[in-house]
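Those protein sequences? They're chains U and L, same order as listed.
In terms of this note's numbering, the first sequence is residues 46 to 142.
In terms of this note's numbering, the second sequence is residues 1275 to 1442.
Bear in mind the hints are in silico, worked out from the structure with no lab data behind them.
It is possible that part of the hints are untrue.
[Said to hold, decoys possible] Cβ-to-Cβ under 8 Å is the rule here; a few derived chain L residues that face chain U:
1) Pro-1301
2) Val-1341
3) Met-1343
4) Trp-1377
5) Asn-1410
6) Leu-1414
7) Val-1419
8) Val-1428
Each residue gets a CB set at the ideal place from its N, CA and C atoms; glycine is no exception.
Listed below are the residues making up each chain.
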Amino acid sequence: MHLLLTLSAALFAAGLLGVIVRRNVLVMLMCMELMLNGVNLSLVSFAQQNGAVAGAVLVFLVFVVAAAEIAIAIPIVLLLVRAKRSLDLDEYADLKG
Amino acid sequence: MIATVLLYLFAASALAGAVLMLVVRHPMRVALALIATMLSLAGVYAALGVHVIAVFQVLIYVGAVMVFMVYVIMLLEMRDRSLARRYSALLVPGLAGFALLVWALGRGLWQDAADMPGAAGGTPFGVQSFSIAFLNEYWLHFELVSILLVAAVVAAIAVIKVGSGSRG
């Protein structure tokens, strides 16, 4: 249990570092997926600890919502690349809001 | 005994994949490292005895999300500055925040380590109990998720249409 929670925290921290530090937009998206996976691991280990089937159902719903999130995020990245001809994050510095 | 060894093995390979994601240069290699991490996490779930979630991890994440991501990387084969310089200007503040986060998480884990139960405490549930609970009690959530997926597809098409409409 302790091992699993440590691994979950490490995956979340590595994903957060990747989102902040990397320059490529697609790499940042993948690091967000890594963060989600890390949090999911702690959810699964707690559900397995309690023997709760509701936890497994919740994990399934989280998987589907993550798939929907990627299905929205990828077209937005495609639009950004079409507008700027670049995957570099510094090129998007004139985005407002 | 062998399950514990497998658990440690898969945990170590998941962590190695995550570290590899931070240092390699090309997005395709980052995607492959992420796939390795996700497969190792599926191995961790299987070693814990929750085979349903391990199967879902492989099917949904590796089979759907990462295949999509790999195709997009192949579509956008761009040779720009993000390949030569992989780290942004936020490298030093990012590392500082990372150290702070690791310190806080590690301190919390260390303090709670005493009253934490062992790994073998829970009773694993099989496919049967999962599917009975899923389709008897949570069928409404299942239907809501399908509506969410339809909405996501419509939104993706709308985003692409808006982009091509404003350009041409």
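Hint check:
1. Pro-1301: holds, 5 Å
2. Val-1341: violated, 11 Å
3. Met-1343: holds, 7 Å
4. Trp-1377: Violated - the Cβ of Trp-1377 of chain L stays beyond 8 Å from chain U, reaching only about 10 Å at its closest.
5. Asn-1410: violated, 10 Å
6. Leu-1414: At 11 Å from the nearest chain U Cβ, Leu-1414 of chain L fails the 8 Å test, so the hint is violated.
7. Val-1419: At about 5 Å, which falls below the 8 Å cut-off, the nearest Cβ of chain U leaves the hint on Val-1419 of chain L intact, so it holds.
8. Val-1428: violated, 10 Å
The structure fails to meet hints 2, 4, 5, 6, 8 from the earlier list, while all remaining hints are met.
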